[in-house]
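Based on these hints, arrange chain B on the given structure of chain A.
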Amino acid sequence: MPTAPRKTRDIDIIRRILDGDVNAFEVIISKYQHYVFSIVKRHVPAQLVEDTAQDAFIRIYKALPGVDNQSAFKHWMTTITIRTCYDALRKQYRSRETPVSALSGAGEDKITPYEAALSAQARAAFTQNSDTTETRKLLTWALEQLHPKNRILITLLYLEGYSVKETAKLLGWSAANVKVRAFRSRQQLNNILTHLIEA
Amino acid sequence: MKKPLNDPILKKNLTTAFHSAPPVDIPAEWHRNTLREIRRIGPLARGAAAGFVFSEMVWKAVPAFCVLLIILAAGMVSFDLSFETVINDTYLNDPVTAIYGGLFLG
Chain A
1 MPTAPRKTRD IDIIRRILDG DVNAFEVIIS KYQHYVFSIV KRHVPAQLVE
51 DTAQDAFIRI YKALPGVDNQ SAFKHWMTTI TIRTCYDALR KQYRSRETPV
101 SALSGAGEDK ITPYEAALSA QARAAFTQNS DTTETRKLLT WALEQLHPKN
151 RILITLLYLE GYSVKETAKL LGWSAANVKV RAFRSRQQLN NILTHLIEA
Chain B
1 MKKPLNDPIL KKNLTTAFHS APPVDIPAEW HRNTLREIRR IGPLARGAAA
51 GFVFSEMVWK AVPAFCVLLI ILAAGMVSFD LSFETVINDT YLNDPVTAIY
101 GGLFLG
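Here the protein sequences come in this chain order: A and B. Using my numbering, the letters of the first sequence map in sequence onto residues 1 to 199. Using my numbering, the letters of the second sequence map in sequence onto residues 1 to 106.
Bound-form chain A, shown alone (with noise of 0.2 Å):
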């Protein structure tokens, strides 16, 4: 990919985009795909992660007519992205064809992450901090387990660390309602990581 594109100011490729330069938003794109996957790919399964980042490139280039603020383009576009992966969540969540043993990525061996969770491996693993790549397979069937407006409200609030105001704002709703449903959230993770170290 050229490195020159990164010296232009996103507010100049923003004005020939809007001005009917289609293959500018190619700058953008080149710019920005390891920051969108890097959000993305923490909240959807792996086999998603594709096709999300590109939906999410898609309404960008939508929206870019409603850019107000090109000095928090940025934001802007984590704000995009997150209501992608939430879109993706919940069309997954409906459909529910996303197999189990998916959700580990490419490449990781074939054992469903509630096998490894039964494992006392795996267990000692999330206990101990061992192992990693065995927490995070236990991690990420338990978010698996939770609806979707729930998973990324734990994966906001508490893995990421967002405020409540900030999250809200990020999903586009009230702070009232993050408050209340982090509450049951927290719960509902609780329980099933409970269940997790227990069995």
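Because the hints were derived from the structure by calculation, they are not lab data. Relax, there's no trap hidden among the hints.
With beta-carbon atoms standing in for the labels, derived distance ranges:
(1) Asp19/A x Thr15/B: 41 to 49 Å
(2) Thr16/B x Val164/A: 18 to 26 Å
(3) Lys165/A x Ala28/B: 38 to 46 Å
(4) Arg40/B x Ile197/A: 43 to 51 Å
(5) Arg96/A x Leu69/B: 54 to 62 Å
(6) Thr79/A x Trp59/B: 12 to 20 Å
(7) Ala73/B x Arg96/A: 55 to 63 Å
(8) Asp51/A x Val67/B: 48 to 56 Å
(9) Asn191/A x Ala45/B: 47 to 55 Å
(10) Ala73/B x Arg59/A: 39 to 47 Å
Beta carbons are placed, not taken as given, at the ideal position from N, Cα and C, and that holds for glycine.
Relative to the frame of chain A, chain B by itself:
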């Protein structure tokens, strides 16, 4: 036993594991497909750029607007006070002229 999310060590383990996901390789194919989809959508609606430029100008003019607003507010306050003072003085000093003047002269 503490609940997992209430246990600082477990919570730290979970957070570390969450952030330890391996980097995703972005295939060149993905880049091409995304751009193809964008091209399929085509140029954004006419007038989008005008709106964008307008909003850009608005943001640039915000400090000037604020200063202007403060000056206007200060002016209004001082004008209102002096206006009230003039009316009060008129009514107190010559109520007949003030009332008839208000009624017939507008």
